[in-house]
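Student: From first to last, the protein sequence lines stand for chains A and B.
Using my numbering, the first residue of the first sequence is number 1, and each one after it goes up by one.
Using my numbering, the first residue of the second sequence is number 1, and each one after it goes up by one.
One should not assume that every hint holds.
Incomplete in silico selection of chain A near chain B, CB under 7 Å [what the hints assert, rightly or not]:
id, residue
1, 112
2, 165
3, 190
4, 406
5, 419
6, 424
7, 426
8, 433
Please keep in mind that the hints were generated in silico from the structure rather than gathered at the bench.
By construction, the Cβ of each residue, glycine as well, lies at the ideal position given by its N, Cα and C atoms.
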Amino acid sequence: MKLSRLIFPALLAASLSAQGLDPAKLMKLSTDTWPTYNGDYSGRRFSPLSRINASNVTSMTLAWEYRINLGSAADGDNTSVKSTPLEVNGVLYFTVPDHAWAVDARTGRQLWHYKWETHGGIHIGNRGFGMYGDWLYFETPDNYLICLNAKDGTERWHVEIADVKQEYFSTPAPIVVRNHVIVGVGGDSLDVPGYLEARDPETGQVQWRWNSTPRKGEFGADTWPNQEAMEHGGGMTWVPGTYDPELNLYYLGTGNPNPVMAGQGRKGDNLWTCSIVALNPDNGKLAWYFQASPHDTHDWDAAQTPVLVDGQINGQSRKLIVQASRNGYFFVLDRTNGKNILSKPFIDLNWSKGVDAKGQPIPDPAKEPHTNGTLVIPASGGASNWPPPSFDPETGLLYVNSSSSYSLFYLTDTEDKPEGYGGRDSGVWSKVALKAIDYKTGQIRWSHEYGRGGGGSGILTTAGKLLFTGDPYGNFIAYDPATGHILWHTHLIANVSNGPMTFELDGKQYLVVGAGDSLYAFTVLH
Amino acid sequence: MSRLLQTGAGVIIFAAGIVPLPAQPPPAQPPRPGRSFLISRDVPDPAGVERGQKIFVARCGFCHGSNANGGESGPDLVRSVLALDDEGGDKIGPVIRNGRPDKGMPAFPLTDDQIKDVGAFLRSRQQAAINRNAYTIQNIVTGDAKKGQAYFNGAGRCNTCHSPTGDLGGIANKYDPVALQSRLVYPRTQRPRRAEGPEPKVIPTPVTVTLASGQTVTGTLEYIDDFDVALRDASGDYRSFTRDAGVKVDVRDPLAAHEELLKKYTDEEMHNLVAYLETLK
Numbered sequence: 001m002k003l004s005r006l007i008f009p010a011l012l013a014a015s016l017s018a019q020g021l022d023p024a025k026l027m028k029l030s031t032d033t034w035p036t037y038n039g040d041y042s043g044r045r046f047s048p049l050s051r052i053n054a055s056n057v058t059s060m061t062l063a064w065e066y067r068i069n070l071g072s073a074a075d076g077d078n079t080s081v082k083s084t085p086l087e088v089n090g091v092l093y094f095t096v097p098d099h100a101w102a103v104d105a106r107t108g109r110q111l112w113h114y115k116w117e118t119h120g121g122i123h124i125g126n127r128g129f130g131m132y133g134d135w136l137y138f139e140t141p142d143n144y145l146i147c148l149n150a151k152d153g154t155e156r157w158h159v160e161i162a163d164v165k166q167e168y169f170s171t172p173a174p175i176v177v178r179n180h181v182i183v184g185v186g187g188d189s190l191d192v193p194g195y196l197e198a199r200d201p202e203t204g205q206v207q208w209r210w211n212s213t214p215r216k217g218e219f220g221a222d223t224w225p226n227q228e229a230m231e232h233g234g235g236m237t238w239v240p241g242t243y244d245p246e247l248n249l250y251y252l253g254t255g256n257p258n259p260v261m262a263g264q265g266r267k268g269d270n271l272w273t274c275s276i277v278a279l280n281p282d283n284g285k286l287a288w289y290f291q292a293s294p295h296d297t298h299d300w301d302a303a304q305t306p307v308l309v310d311g312q313i314n315g316q317s318r319k320l321i322v323q324a325s326r327n328g329y330f331f332v333l334d335r336t337n338g339k340n341i342l343s344k345p346f347i348d349l350n351w352s353k354g355v356d357a358k359g360q361p362i363p364d365p366a367k368e369p370h371t372n373g374t375l376v377i378p379a380s381g382g383a384s385n386w387p388p389p390s391f392d393p394e395t396g397l398l399y400v401n402s403s404s405s406y407s408l409f410y411l412t413d414t415e416d417k418p419e420g421y422g423g424r425d426s427g428v429w430s431k432v433a434l435k436a437i438d439y440k441t442g443q444i445r446w447s448h449e450y451g452r453g454g455g456g457s458g459i460l461t462t463a464g465k466l467l468f469t470g471d472p473y474g475n476f477i478a479y480d481p482a483t484g485h486i487l488w489h490t491h492l493i494a495n496v497s498n499g500p501m502t503f504e505l506d507g508k509q510y511l512v513v514g515a516g517d518s519l520y521a522f523t524v525l526h
Numbered sequence: 001m002s003r004l005l006q007t008g009a010g011v012i013i014f015a016a017g018i019v020p021l022p023a024q025p026p027p028a029q030p031p032r033p034g035r036s037f038l039i040s041r042d043v044p045d046p047a048g049v050e051r052g053q054k055i056f057v058a059r060c061g062f063c064h065g066s067n068a069n070g071g072e073s074g075p076d077l078v079r080s081v082l083a084l085d086d087e088g089g090d091k092i093g094p095v096i097r098n099g100r101p102d103k104g105m106p107a108f109p110l111t112d113d114q115i116k117d118v119g120a121f122l123r124s125r126q127q128a129a130i131n132r133n134a135y136t137i138q139n140i141v142t143g144d145a146k147k148g149q150a151y152f153n154g155a156g157r158c159n160t161c162h163s164p165t166g167d168l169g170g171i172a173n174k175y176d177p178v179a180l181q182s183r184l185v186y187p188r189t190q191r192p193r194r195a196e197g198p199e200p201k202v203i204p205t206p207v208t209v210t211l212a213s214g215q216t217v218t219g220t221l222e223y224i225d226d227f228d229v230a231l232r233d234a235s236g237d238y239r240s241f242t243r244d245a246g247v248k249v250d251v252r253d254p255l256a257a258h259e260e261l262l263k264k265y266t267d268e269e270m271h272n273l274v275a276y277l278e279t280l281k
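Looking at chain A on its own, in the form it has when it is part of the complex (with noise of 0.2 Å):
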């Protein structure tokens, strides 16, 4: 591993304020600091504290809350956190759509609060900031990258990513790997394809672009029935990926097919949605992929995120990436090369034949959504979603927030090119538990179910032996992440919508967590 690849140069050149971040932080695991999405590029989520831990966890208090009030201007917004905030020398940085906070992070006082303008898109959610030096980047629901000063919150400069015209609407945390922002689109309502793309952290403009559908005679090309089809193809970059520096990969979960539910006018597997992908963070070539639903007819994208894992597979160490895929598969792949090590249901399923020689399931053909509807488990929103797992080394485990679901799925558009979703899916049941899947296996170690309900939060794993979560009825809990017995909890104003995060202050432990229109902070005084 070069050093060179590991620091930016430039930036270590020019002088860093006391505000901004050292971007060596992002290389390792912090105690001090919450730099990127993930804490680090990992995905692991696992933190190396242990100031709270198993045994004072249950005099955990609150050190602050944050409410968002936007008042009488707020009609239309979407204020629950679905970021992850930052932590950067004692400040959190945080976003909702179209807002965006720092806050003390010892205090939870604001600093400032920025708010774009809208010219509109789907107003789902927003993921984070991404960092560079003094320098904080976020995307809106109208598809623009937006560069704010960490000082004070003042614009730097905004730059269009996607049209949303064309109902792409955006809602990823940029990644920033050296001097590349890393930004991902979303959109699936009107058959618009897919990209990821570097940015250039001083000025926002292009470095490259990945399509992560082909065009005409590339690679690929012939998993679509023709141009028309791969170029309307879908394939949405809307979940934070992860980064090897060693390898120098960056792997991304990319997004279902489109038309999302009918699947007639795109014959073929449908590369490169659904897929892992592992990208040159440089220049966007592709290294390799693994599919995880070869012709998706169900919305379940792949999005969700690929973990790094370093690991050993019959006695040998090996670089890893475990994905629990929203179609309800737990995947183990070779993160050198993308091969297949172990593909294994999480829930049980009813959509599969079981998988090819390359690991890939195979879909059974009666299961797509038909006219008189199709009784389907995972429903569309999958056995696993966008809120991020984690994977603690310490116990060999990924814990994921699962739903097994049923639902009926109709096609609603016969035609032979039919436009947009093309069907819709209606759920009928759904049994949320959380699950900690030993990786070497793909063994269900210990479940904790919590009835019936929908939805999923983060989860977040320390050195304290600890894992921290949340459950569909506001709770937010820790857990003993080797057995899954309850240590600790606590009623919130709502679910936990995002990703809880944690760091160290003046040797005091932190744990942050959103739960609706709130940020809560929590600590062990001592």
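Take the given structure of chain A and dock chain B to it, following the hints.
Tutor: Showing chain B alone in chain A's frame:
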């Protein structure tokens, strides 16, 4: 205000009428016809859409398809970036009037109003594709009613709890087929919640709480999570309990049989059942 309130009810009403408005009333929002979660642009006037459709079918449909989703010689205009970018005919107008000779499209001398109407029709077609919540489900009564009846009284054991002349008498008049299919698979319930407010009608779930002392309390489940349970007892009183060690909670799920069947149904059995229930008018 509080001073006025002391003088009597009539004054309160008067006072309510003269309460000064906030110093800066919120600015009036411009009307946004038809906007919703999925539709963030104005929904066009239906009369304009209708006029535009007639013009489109007559003049454009031959090449672009009468639904504007493309034909043998003309591209799909529902997904067209130019048509999506259009506002009131400003983008499509020049193309219609000038044609695209290089691509074989002739010029059409439409008036401004006609172009605007064609734009309204295209917007309505785009929004019909975008708004999946408004998609129409086709005929779903495709099963064999006789086989459905046999399943009802046989393998499905539905007759254990239900009767075609009792609780299900006239069920086909009460729900449309799509709702009926959904409800037969699993009746709608509201998950327990803490929030106040009117609860939608739920199927009552019997619960028995046994306290550490051995005392039992029975009632209808109001709320349950890992930490607390609440019920309403026979006299209508609300009772809640912390689920401490030694407290036992026994919930009798009245829909357990539906949950069991979920895992067993074939789609054909489900469709046959719908066809059978549709005969119960």
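Student: Starting from the hint list further up, note which numbers the structure goes against and sort them upward.
Tutor: The structure breaks hints 1 and 8; every other hint is satisfied.
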